[in-house]
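Following the hints, put chain P in place on chain E, whose structure we already have.
Those sequence lines, one after another, are chains E and P.
Under my numbering, the first residue of the first sequence is numbered 1, with each subsequent residue one higher.
Under my numbering, the first residue of the second sequence is numbered 99, with each subsequent residue one higher.
Wrong hints could be hidden among the right ones.
[As the list claims (entries may be wrong)] Quick list of simulated restraints, FRET-style, between CB atoms:
1) S23/E x E141/P: 40 to 50 Å
2) H25/E x D310/P: 53 to 63 Å
3) Q8/E x G329/P: 55 to 65 Å
4) L29/E x A161/P: 20 to 30 Å
5) P22/E x T306/P: 31 to 41 Å
6) D310/P x G37/E: 26 to 36 Å
Just so you know, the hints here were simulated from the structure itself, not pulled from any lab data.
Fair warning: this is a prediction, and the values are worked out from it, not measured in the lab.
Every residue gets a Cβ at the ideal spot worked out from N, C-alpha and C, and that includes glycine.
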Amino acid sequence: METNHITQIVLNALSLTNESRPSTHQIPLTDTTVLFGQNGHLDSMALVALLMDIEDALQEQSIDVSLSDEKAMSMSRSPFKDIPSISQYIHDVIAAQA
Amino acid sequence: MKARKIMVTGASQGIGKALVEHFLALGDTVIGVSRSKSDIAAENYHHYSADVALEADAKRVFANVKKQVGALDVLINNAGIARMNAFALTPVDNVQEIMNTNFMGTFIFCQKAINLLRKSPNARIINLSTVAVPLNLAGEAAYAASKSAVETLTRIMAKELGSFGITCNAIGPSPIATQLISGVGEEKINKLIQQQAIKKMAKVEDVTNLVDFYLNPNSHMVSGQVIYLGGIS
Numbered sequence: 001m002e003t004n005h006i007t008q009i010v011l012n013a014l015s016l017t018n019e020s021r022p023s024t025h026q027i028p029l030t031d032t033t034v035l036f037g038q039n040g041h042l043d044s045m046a047l048v049a050l051l052m053d054i055e056d057a058l059q060e061q062s063i064d065v066s067l068s069d070e071k072a073m074s075m076s077r078s079p080f081k082d083i084p085s086i087s088q089y090i091h092d093v094i095a096a097q098a
Numbered sequence: 099m100k101a102r103k104i105m106v107t108g109a110s111q112g113i114g115k116a117l118v119e120h121f122l123a124l125g126d127t128v129i130g131v132s133r134s135k136s137d138i139a140a141e142n143y144h145h146y147s148a149d150v151a152l153e154a155d156a157k158r159v160f161a162n163v164k165k166q167v168g169a170l171d172v173l174i175n176n177a178g179i180a181r182m183n184a185f186a187l188t189p190v191d192n193v194q195e196i197m198n199t200n201f202m203g204t205f206i207f208c209q210k211a212i213n214l215l216r217k218s219p220n221a222r223i224i225n226l227s228t229v230a231v232p233l234n235l236a237g238e239a240a241y242a243a244s245k246s247a248v249e250t251l252t253r254i255m256a257k258e259l260g261s262f263g264i265t266c267n268a269i270g271p272s273p274i275a276t277q278l279i280s281g282v283g284e285e286k287i288n289k290l291i292q293q294q295a296i297k298k299m300a301k302v303e304d305v306t307n308l309v310d311f312y313l314n315p316n317s318h319m320v321s322g323q324v325i326y327l328g329g330i331s
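Just chain E, with the same shape it has in the complex (with noise of 0.2 Å):
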């Protein structure tokens, strides 16, 4: 699957984080918002609920993948951090499944 057609799901993911979330809260859908991590604009509840969401976006295309290992979890640059992070690492996973 293309990086950039991952991406979209990621967006799309968030788009759907944002419609919980308060207008004083929304995320920016920007590649340089920080996502997870120091000021980052979501708790670890929170990127469940978005790993969830993109998880089951790929399960609609027939991708089955688990998103949220222990090795992702303890990556000392967590894959977590950014947009472009996310879909880079769901890509990877992807990759490493085919």
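For chain P alone, coordinates are given in the frame of chain E:
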């Protein structure tokens, strides 16, 4: 009351079947799961033959439920097996089988259900435990340990899924005349009942009553709880 979408595992007999019939009578849409086929035929009843302990089966069930019903309001993990035996003589294969169905089955179904439950305004998970846990019942080591794991899982899920608006609770029935205890001698059942504050056999309606309590929208502040029948604590 708005019709709910309720999944019940272990739906083909005993407590599970009684719960399915109860919800159908209330006009809910019910998704039943069991290894065997179901003899329940109703317009708003959907049955899936699956082994709850197999992740692949669970994935198939939830993918189809998503297509067929779209969302879930309630998951009731009732599927369970019991094998009475002295601890010293219990075959390891039996322990594995009990843990797989009772604990792993509950774990897998809870995990797969989260995304469908998140969309509900009154999302509920109810897991079935047993009074064998607080009674530390001799002869039930593997069964009671598997249900003890279910209780801990329920309490931790209550904390983690609270932010998704999902309450997680458990029910520990005292002896009820179902298939699950059909192999247990009358003397042993009577001895067990004598340990209860309310010294009589429970009925499936007593479980239904507790389920209805947990499912009541007014019970939105009740989570991480295990209620035992028979006055056992």
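These are the hints, each one checked on the structure:
1. Taking 40 to 50 Å as the suggested C-beta distance range, the pair S23/E and E141/P conforms, at roughly 43 Å.
2. A C-beta distance of roughly 37 Å is found between H25/E and D310/P, which places it outside the suggested range of 53 to 63 Å.
3. Range check, Q8/E to G329/P: about 57 Å between beta-carbon atoms, so the 55 to 65 Å window is met.
4. Between L29/E and A161/P the CB atoms are about 29 Å apart, so this pair conforms to the stated range of 20 to 30 Å.
5. For P22/E paired with T306/P, a C-beta distance near 40 Å keeps the hint of 31 to 41 Å intact.
6. Here the CB-CB span from D310/P to G37/E is close to 44 Å, at odds with the stated 26 to 36 Å.
In this structure, the hints that do not hold are numbers 2, 6, in rising order.
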